[in-house]
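I would like the entire structure built from these sequences, with the hints used as guidance.
Its first residue numbered -3, the first sequence is counted upward by one per residue in the working numbering.
FYI, nobody ran anything at the bench for these hints, they're computed from the structure.
A hint or two may mislead.
[Stated by the list, open to error] Distance windows between CB atoms, simulated:
(1) N392 / D329: 29 to 37 Å
(2) D274 / A225: 24 to 32 Å
(3) N346 / D165: 57 to 65 Å
(4) S328 / E397: 20 to 28 Å
(5) N308 / K339: 40 to 48 Å
(6) N268 / K209: 15 to 23 Å
(7) S328 / S21: 40 to 48 Å
(8) I236 / D66: 44 to 52 Å
[Said to hold, decoys possible] Calculated pairs, BS3-like style, for lysine-lysine (alpha carbon to alpha carbon, straight line, at most 30 Å):
(9) K191 / K167
(10) K167 / K204
(11) K384 / K367
(12) K167 / K209
(13) K319 / K345
(14) K364 / K345
Don't be surprised by glycine CBs; every beta carbon is placed ideally from N, CA and C.
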Amino acid sequence: MKFHSLRGMQDIFQDDSKRWRALRSILQTVLDQYGIGEVQNPILENLNLFVRTVGDASDIVNKELYSFEDRNGEHIALRPEGTAGFIRSVIEKKIEHESQKAFYVGPMFRYERPQKGRFRQFHQLGVEYIGFPEGDADIEIISIISDLLEGLKISKKAVININHLGTNDVKQEYCRALKEFLLDYKDSLSEIDQKRLDSNPLRILDSKDESAKDILALSDLPQYQDFLANQHLDLLDSLIASFGSKNAIKINHKLVRGLDYYTGLVFEVVSNELGAQDSFIGGGRYDNLISELGGRPQSAIGFAVGLDRVLNLFEPVYSYKKKVIFINLTGSDRHHAYNIASKIREASKNIIVESILTDASLKSQLRKANKLGGDFALIIGDGEMTNKKFIWKDLNESSQEFVTLEEIIGKIHQL
RNA sequence: GCGGGCGUAGCUCAGUAGGUUAGAGCGCUGGAUUGUGGCUCCGGAGGUCGUGGGUUCGAAACCCAUCGUUCGCCCCA
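Here you go:
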């Protein structure tokens, strides 16, 4: 009987993990600069939380949720995104009236068919601002995104699309107008788009179907911008003015988001280097969500970064620590030699002291030292232990000398 | 949930008009003067040919199913 990892779930090993840490560290640095603190919410939540927030029309809830009944008969789901759980926790703590700037990172789960940039267990970093009405916060949110792109050095690979969905009333109104218009062309629409006409007409705006594109190009198609108030259009313009010099940012009135709870500003960052799943940051304002979940009415805006996708875009730069490979050749009481290694580690946290941990031949241990990328080898045999002088070998220079522990520590401090 | 490609050693891949013990390179591992790496040389380990059925005297190869993977659709970060 053989086990393998579940479909769409990956084991992330050493070198890949290193990439992840480098990514995390860059993102963290930017978030720290904005004074955004971390929140950790559970991965499991009540099933209905997601039905209520994400929307019962969306595929995420309809067919992509990992859900089950626990031993107590409660309906549980693995989180498909992070906003719902975070908002739930804020309301539960009764702090929704206080402003919050928070981020979270972690795995999310959707039962989808895996493909490039899409896994069943994937990772998101989310940022949520609560208690900041439309205006300054919207600008700061885009500013964070701009800084993230810059920190990752991927600004040139990315396009930020922005749109405004207006108030909930405007959203509904436009939705109705669009639906009414499209009904005349229903027969020309693809099967999928015809279904969307009922479930979520706005989604047809970014349909990839050719006939839908033709219809959407018609001059009498209701235009979102015609429904929007001037102040909303002005917000979009000011975002272009603020970030246009550093980023490719453009207004796209056909941009709608899949999650029901968005109102107001919405945005999405895409890259043409990612294949079909080209969007790696997405978010927007969701001023109605908190009250819908039973909290006091409070404005909110946030976004999520698809970390698995970002990982395909950025080139990590690793910090480098010198590495000493510890080779123990002593025959008896081998632990005495390992004490030397411990003393070196105590003397400096900026150096790696890695043990080979075998009694194989010196030749094979040195080969190993080379493969491990060691800068130095510390070789200790019985004779060295007796004399308290150890072999310190510079693997790059191919030179070596006998030195005491104190001399080794002195050398390390000079590195 | 739908469609296409792929699945032979840890990795990248050879191997088919079906035919004896399935190969290469890299990697791993041991050795080439006693306790000295990288280059070189010699040796070794490692594969139920994704899995399960079927066709056949005979299947890695042909057929079916299944699982996985990959690229799209859909969905979305």
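*Taken at face value, is the distance from the CA of K204 to the CA of K167 at most 30 Å?*
holds, 22 Å
*Could you say whether the range 15 to 23 Å given as a hint is met by the Cβ separation of N268 and K209?*
Between N268 and K209, where Cβ atoms are some 18 Å apart, the hint holds.
*Starting from the hint 24 to 32 Å, judge whether the C-beta atoms of D274 and A225 obey it.*
With a Cβ separation near 31 Å, D274 and A225 satisfy 24 to 32 Å, so the hint holds.
*Is the gap between the beta carbons of S328 and S21 within 40 to 48 Å?*
holds, 44 Å
_C-beta pair N392, D329: status relative to the range 29 to 37 Å that was hinted_ = holds, 32 Å
*K191 paired with K167 [C-alpha distance capped at 30 Å]*: Holds - the C-alpha atoms of K167 and K191 are around 19 Å apart, at most 30 Å.
*Holds or violated: 20 to 28 Å for the Cβ distance of S328 and E397?*
holds, 26 Å
*Satisfaction of hint between K367 and K384, Cα-Cα up to 30 Å*: holds, 28 Å
*For the pair supplied as a hint, K364 and K345, is the alpha-carbon distance within the 30 Å limit?*
Measuring from Cα to Cα gives roughly 23 Å; hence the hint holds.
*Would the pair K319 and K345 pass a check requiring their Cα atoms to be no farther apart than 30 Å?*
Status holds; Cα separation ~11 Å.
*Using the C-beta atoms of I236 and D66, is the stated range 44 to 52 Å upheld?*
holds, 48 Å
*Hint says 40 to 48 Å; check whether the CB-CB distance for N308 and K339 agrees.*
holds, 43 Å
Checked against the numbered hints above, the structure breaks none of them.
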